[in-house]
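Sequences listed follow chains A and B, in order. Numbering follows numbering that gives the first Met the number 0, in which position 123 of the first sequence is assigned residue number 122; successive positions increment by one, without gaps. Numbering follows numbering that gives the first Met the number 0, in which position 397 of the second sequence is assigned residue number 396; successive positions increment by one, without gaps.
Heads up, a few of these hints could be off.
[Stated by the list, open to error] Covered stretches of chain A (chain B as the covering partner; in silico rule of three or more C-beta atoms under 8 Å from a C-beta of chain B):
1. 60–72
2. 83–92
[Said to hold, decoys possible] Negatives, chain A to chain B, calculated, CB over 10 Å:
3. Ile18
4. Phe54
5. Gly106
Read the hints as simulated data drawn from the structure, not as lab findings. All C-beta atoms, glycine included, are put in the ideal place defined by N, C-alpha and C.
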Amino acid sequence: MKTNDLILQTTTKVVLFIIILFSFHIFFAGHYTPGGGFVGGLLTSGAIILLMLAFDMKTVSLILPVNYIYMAATGLLFAGGTAAGALLFNVPLLTHAFGHVDLPILGDTALHTATIFDLGVFLVVVGVTMTIIQTIGEDE
Amino acid sequence: MKEMINFLILPLLIPFLTGILLIFFAKNVVIQRWIAAFSAFFNVIIAFLLVQKVRNDGILTLDVSSWQAPFGITLVSDMISALLVLTTTIIALTSVIYSFRSIGIERERYFYYPALNFLIVGVIGAFTTGDIFNLFVFFEVLLMASYVLLVLGGTKIQLRETIKYILVNVISSALFVIAVAYLYSVVGTLNMAHISVRLNELGQSGIITVIAVLFLIVFGLKGGIFPLYFWLPGSYYAPPAPVMALFGALLTKVGVYAIMRTYTLFFIHDTGYTHQLLMILTIITIIVGVIGAIAFSDIKKIIIYNIIVAIGVILFGVSVMTPDSIAGSVFYLIHDMIIKAGLFLLIGIIIAITGTSDLRKISGLIKRYPGLGWTFFLAALVLAGIPPFSGFVGKVLIVKGGFESEHYWGAGIVLTSSLLVLFSIMKIFINGFWGTPQDYKGEDKVPVRKLLIAPVILVTISVLYGAGSEFIFPYISQAAETLANPSIYIDAVLKEW
Numbered sequence: 000m001k002t003n004d005l006i007l008q009t010t011t012k013v014v015l016f017i018i019i020l021f022s023f024h025i026f027f028a029g030h031y032t033p034g035g036g037f038v039g040g041l042l043t044s045g046a047i048i049l050l051m052l053a054f055d056m057k058t059v060s061l062i063l064p065v066n067y068i069y070m071a072a073t074g075l076l077f078a079g080g081t082a083a084g085a086l087l088f089n090v091p092l093l094t095h096a097f098g099h100v101d102l103p104i105l106g107d108t109a110l111h112t113a114t115i116f117d118l119g120v121f122l123v124v125v126g127v128t129m130t131i132i133q134t135i136g137e138d139e
Numbered sequence: 000m001k002e003m004i005n006f007l008i009l010p011l012l013i014p015f016l017t018g019i020l021l022i023f024f025a026k027n028v029v030i031q032r033w034i035a036a037f038s039a040f041f042n043v044i045i046a047f048l049l050v051q052k053v054r055n056d057g058i059l060t061l062d063v064s065s066w067q068a069p070f071g072i073t074l075v076s077d078m079i080s081a082l083l084v085l086t087t088t089i090i091a092l093t094s095v096i097y098s099f100r101s102i103g104i105e106r107e108r109y110f111y112y113p114a115l116n117f118l119i120v121g122v123i124g125a126f127t128t129g130d131i132f133n134l135f136v137f138f139e140v141l142l143m144a145s146y147v148l149l150v151l152g153g154t155k156i157q158l159r160e161t162i163k164y165i166l167v168n169v170i171s172s173a174l175f176v177i178a179v180a181y182l183y184s185v186v187g188t189l190n191m192a193h194i195s196v197r198l199n200e201l202g203q204s205g206i207i208t209v210i211a212v213l214f215l216i217v218f219g220l221k222g223g224i225f226p227l228y229f230w231l232p233g234s235y236y237a238p239p240a241p242v243m244a245l246f247g248a249l250l251t252k253v254g255v256y257a258i259m260r261t262y263t264l265f266f267i268h269d270t271g272y273t274h275q276l277l278m279i280l281t282i283i284t285i286i287v288g289v290i291g292a293i294a295f296s297d298i299k300k301i302i303i304y305n306i307i308v309a310i311g312v313i314l315f316g317v318s319v320m321t322p323d324s325i326a327g328s329v330f331y332l333i334h335d336m337i338i339k340a341g342l343f344l345l346i347g348i349i350i351a352i353t354g355t356s357d358l359r360k361i362s363g364l365i366k367r368y369p370g371l372g373w374t375f376f377l378a379a380l381v382l383a384g385i386p387p388f389s390g391f392v393g394k395v396l397i398v399k400g401g402f403e404s405e406h407y408w409g410a411g412i413v414l415t416s417s418l419l420v421l422f423s424i425m426k427i428f429i430n431g432f433w434g435t436p437q438d439y440k441g442e443d444k445v446p447v448r449k450l451l452i453a454p455v456i457l458v459t460i461s462v463l464y465g466a467g468s469e470f471i472f473p474y475i476s477q478a479a480e481t482l483a484n485p486s487i488y489i490d491a492v493l494k495e496w
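Pulled out of the complex, with its shape left as it was, chain B reads as follows (with noise of 0.2 Å):
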């Protein structure tokens, strides 16, 4: 058979005709579900052999709608592309799974499975695509579909935080049309390999810093670092389970990812003052989360506050730029990916089980849910990096980074986080799974092991993730190389300029 030039498309067509098709079966639910699972499981299928396409022929292109680069729009998948796509699908495989005996049926007639399709695309069209005003477009998908998810069910507290949620990211769409826009004034192009080029030519130049920084604002208020995280902890509060494992496993990572690509891709000509900020801020960031993570005694609020810390960890690797940091940054975000879905669906047990996210009000689940209890416990472990979880090989190489490069303060903090990070998760364990066990209202109905599939697998991955990184380092390094050399992913995009 003729190579299939598309097969990099896959990944976002496939949930885009699934959540279509979806709508017209709107009202049948069981129907949508057997479609919904069937469709996100053989995306993991395609994804997975997209990340082997990738390793075995290099960077994938397409110039969609034959428009060659760098006139028309180009998606590209590199390596870290690749992987973040496989990861996005295997969440929402996940996720789907969970919703099935969690979401309730008013919300599954009302179009939920199509908004989860198309939040998807959004999430894999941001991945995959070169073209920094088709990133603008793909963030916009993702956050229709996201209003959608958040407003779902139109309890009170999802309604007070979707004003909020739609008003913040409403004020940081614009901001990153003006940006976007600024850019293209300067360089005169919207390719992002041709815009790298460019700002080769140009040089390090004042008003290229500007626009560096106001894409980290851009990015970094869809991304939650310190001090635009402020709307995050609110609204990831407000949805259900499976909804809050999507959020808070893919949007801010698609944030943090767009920090990624273009301070290793576009800004790397005034390192001394980007990337300085960038440290600084994600430090900040860092020390926040694990205050907040510490302070609070609320389970959906701990692991909230652990997403913030999270991303000033993979931030400030990037932030070093040395090929280790990258690599670890890499390796952490996929890592946290999977583990926070994990964690969400898990606590989302919980609070099925007890009717309440309150950490004082719950105490013994252990003696009577077992598997709940020890697979908490496995995802607390591989949450903080204790060897030989893969939490662990990520942080290891961001420090190994932080400290080549002499940031011991940072790295330090790095450091010191991963064990209040622990004890901030330990905190739920030893409070939760502990103590004397209680009877809760309603907790026969509550179908533990069914729901406990999804989380299940998440852990498992993550375990095999961390106990198999020898394995795994070789696609790590592969991503991060390109990261660390915009001439690769340059040549790949723009073949004969």
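One chain only, chain A, in its complex shape (with noise of 0.2 Å):
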């Protein structure tokens, strides 16, 4: 059977974006605020989802030829690899660096390390999320 989704498909073209953003938004925001990798992960895999049920999967793995396997394991070795770090400079385990710098365009910003763990995070839903979802859309 064929279904009419244009409106499905066309709302989505716009939206996607949107939710992207925001899920980038959320991701920054959980710096000093509620947010964070988390609940950007799950952000972004919606707007993934959001994607295939529009299309179909064959069509967003053509777009999007990511191994999500890959990609959890990727950050989970961010995460990882920033816990670890601290290793190097012969402090315990998970202690993060943070200061300001002055940054071209941008200006004084924060930065610290904890945001390279939580990208690890955000990789980490991201992948598992997906592969979750692949998994059973698969099995039709």
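Each of the two chains sits in its own frame; use the hints to bring them together as a complex.
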């Protein structure tokens, strides 16, 4: 059966970018306010799932040729690496470093190694969620 | 070089990073094997150095993320924790070596080695953490990995048992969180040393006894004490031999360790109730385990019920709570982890040769496989605790503690159980290895010699552990001393309190 999902597809093309941008916003907001890698990751995977619903899994895997298992592993590597990085400086595991840096254009920016850790969380969440969804979706 | 303050985290970090790395090499089995074996071997050395360091410097602590105890999560490596970590790394190494020739390429391609490494992370984390909620987290880590290992391969029996296993563990995890929440609402802290201090100040009260029993239920479900062992014989029966060895040697022992820790550090104010209850349960556990071990004529089932017996024996020593019996429990715990892993790997070879685990269909193996036969015989003697093997030393101490504190019945049952354990394991030897040799279908394809490497390592360590008990005992008594005197643990964690 061929369904007519023109409205869904058109809306998705626009909404997708809003959701993804918002997820990045939430990701960085997690620095000082509620948010962070976990919610951000869920929002991003939500956006990708919407894309899968509007089109189909084959099309989506053409647009985003990502191996989500490797993505999750990369995330773990980021998080684990940030945690283990403390060993190089002989401070307790997971101890973070932070400071203010004057960047061009952005000006005075607070940089924190926890962001790298959070990026790891983000990647793990997207990777794992998408692996689960793909595995369930493939069964048909 | 400056002293490395993160040393105690290394045995945990190495399998963690190895597990991640192995995901990237999922399709290249040869590289996976090399990395897994090398990292497991390296970890044994690190764990050995850790034990030496704890022996020389006393309890090591690490306030993760630089949050001072009791506010952050603290990792604590005292002697019992270090010894258990060392034992875990040895079992991990031998399971990895054994897996090369037995687990099958299909499983290896589908994240077998990463899951194995994450399981080790969970187990070592549970042994090392000094924070009760963090203990829950590491339980979850090891459970997640164990779900993967149990279901990997997807045979019918595995799928059926995995559903049961997940159900039991989800419920027990929920109970765990509830128990921690109760405890937190009473003492207002999660740091284990700090909990102990607060409980000392509060003294004995009814609610704490309730919490103690709740913890016993939670850890008893993981550890498999009566009447909470019901899921264990089924679930451990399903996976292939190396996974069975990991589960049988490590997972139940994490539960046992948790009971040991909480019942020597937290709940020591109403021992008349809590430890009495523990003792009654452990004695019934021993009896039920022995009945199972004798009654079944399936070699896997016999060894599985022997796990239950051992859990009863170890926890009986804890429930008696004399310095001798605790030292005996620690000694026996390590002995049992090593020899159970060895036995599971050995019966894995028998099953690979004969294609069945039904003892009635096996006979005369010793004619064609003398190496296997004699290794098994030695393992049987070690398990039953025939002097001078390692099971003997632990049991003597436990029984001695039992008699000294006038628990004649319990000590008597522990003694009798050794005889029946010997009977149950000799049944395998007599029926399986003696008698008329048979031809089994496909036995030529089994690389028996290569498979034997891992169990021979384990049995050798076991024999040395018993023969060198004079040399090892200072380590054991240091571990038991910390367990018997919570103040040593507390002072090490809460330095300036």
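Do the hints match the structure? See the list:
no. : hint   : verdict
1   : 60–72  : holds (count 4)
2   : 83–92  : holds (count 7)
3   : Ile18  : holds (28 Å)
4   : Phe54  : holds (28 Å)
5   : Gly106 : holds (29 Å)
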